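Here the structure of chain A is known, so what remains is to put chain B in place on it, guided by the hints.
There are 2 protein chains.
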Amino acid sequence: MVEIERKYLVRNTSYREEAISQKRIVQGFLNTDPNRTVRVRIKGDEGFLTVKGISNASGTTRFEWETGIKVEEAEALLQLCEPSVIDKIRYEIPNGKYLFEVDEFHGANKGLTIAEIELGNEKDIFERPDWLGEEVTGDIRYYNSQLSKNPFTEW
Amino acid sequence: MVEIERKYLVRNTSYREEAISQKRIVQGFLNTDPNRTVRVRIKGDEGFLTVKGISNASGTTRFEWETGIKVEEAEALLQLCEPSVIDKIRYEIPNGKYLFEVDEFHGANKGLTIAEIELGNEKDIFERPDWLGEEVTGDIRYYNSQLSKNPFTEW
Chain A
1 MVEIERKYLV
11 RNTSYREEAI
21 SQKRIVQGFL
31 NTDPNRTVRV
41 RIKGDEGFLT
51 VKGISNASGT
61 TRFEWETGIK
71 VEEAEALLQL
81 CEPSVIDKIR
91 YEIPNGKYLF
101 EVDEFHGANK
111 GLTIAEIELG
121 NEKDIFERPD
131 WLGEEVTGDI
141 RYYNSQLSKN
151 PFTEW
Chain B
1 MVEIERKYLV
11 RNTSYREEAI
21 SQKRIVQGFL
31 NTDPNRTVRV
41 RIKGDEGFLT
51 VKGISNASGT
61 TRFEWETGIK
71 VEEAEALLQL
81 CEPSVIDKIR
91 YEIPNGKYLF
101 EVDEFHGANK
111 GLTIAEIELG
121 NEKDIFERPD
131 WLGEEVTGDI
141 RYYNSQLSKN
151 PFTEW
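Residue numbers (full-length UniProt numbering), protein chains in the order written: chain A, 1 to 155; chain B, 1 to 155.
The shape of chain A in the complex, shown without the other chains (with noise of 0.2 Å):
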């Protein structure tokens, strides 16, 4: 239930010529206190109630619970969530063993795009790809759930 993962901006678009498949995901949060986000998530056809907590000090790992329930739910709990919801396409790009998760943001975030990594171990080392840009592991404006209350567009 701990997660460990990497994130970094991105150079340019060539992810998508990688890419295996590519979903449309809207998200809300219940609460986006980084101590206790709530995400409420409709990714394609299915949908997803996560928890995080707070990251350790450096930012890679954090806990994470998530279960499985129906769309329809997600979209009753969908209206319940703080005002800004999260609309974006996600790219998968195999990396090795591990899988790269590209987020292009639209809406209040248009024009951010940010990769994710998730790892077997903190120590491990991947391949890093041409595309890939700037580590920003940790840094809370990233997170989803900063995201929507202050979003891309306004920093």
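I should point out that these hints are in silico values taken from the structure, not numbers from a laboratory.
Just so you know, these numbers come straight off a predicted model, no measurement behind them.
Hints are not guaranteed to be accurate.
Stated by the list, open to error - Covered by chain B, per the in silico footprint, the following chain A stretches (three or more residues, Cβ under 8 Å):
hint, segment
1, 14-20
2, 24-35
3, 41-55
4, 80-93
In this text, a Cβ means the ideal position worked out from N, Cα and C, and glycines have one as well.
Relative to the frame of chain A, chain B by itself:
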């Protein structure tokens, strides 16, 4: 997904004699905002995650969504909750086709007992037992989410 509920104080403990069950409930909140409370509960040997919206003007109907979760998951999620945990004993008391749930609070809410009845319809009539006291339906101070932040012993 809408809860119709009336809430009362009690005059004495004679409801205990009519109780058909008695269970300890420990619960915390991932969000205490009355617009979107998120509750983690352990009731006997079961775990639950519950989301509630704000009530209507009369205070009787309120959006509610709940899913069962493993007790170990509930325990992990309780660690993430806001500091004050609610600890109470719940008695179930049949009343015609309805059921009263009477909660005797412990810890920081010691001395407080609340009876709740869930109705099929906002205008449903039920027999008032002798032990039933003043109605507090819709009074936000008696929401468990508020009792965890602003407990009864500090009123």
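#### Entry: Structure versus earlier hints - violations, ascending order
1
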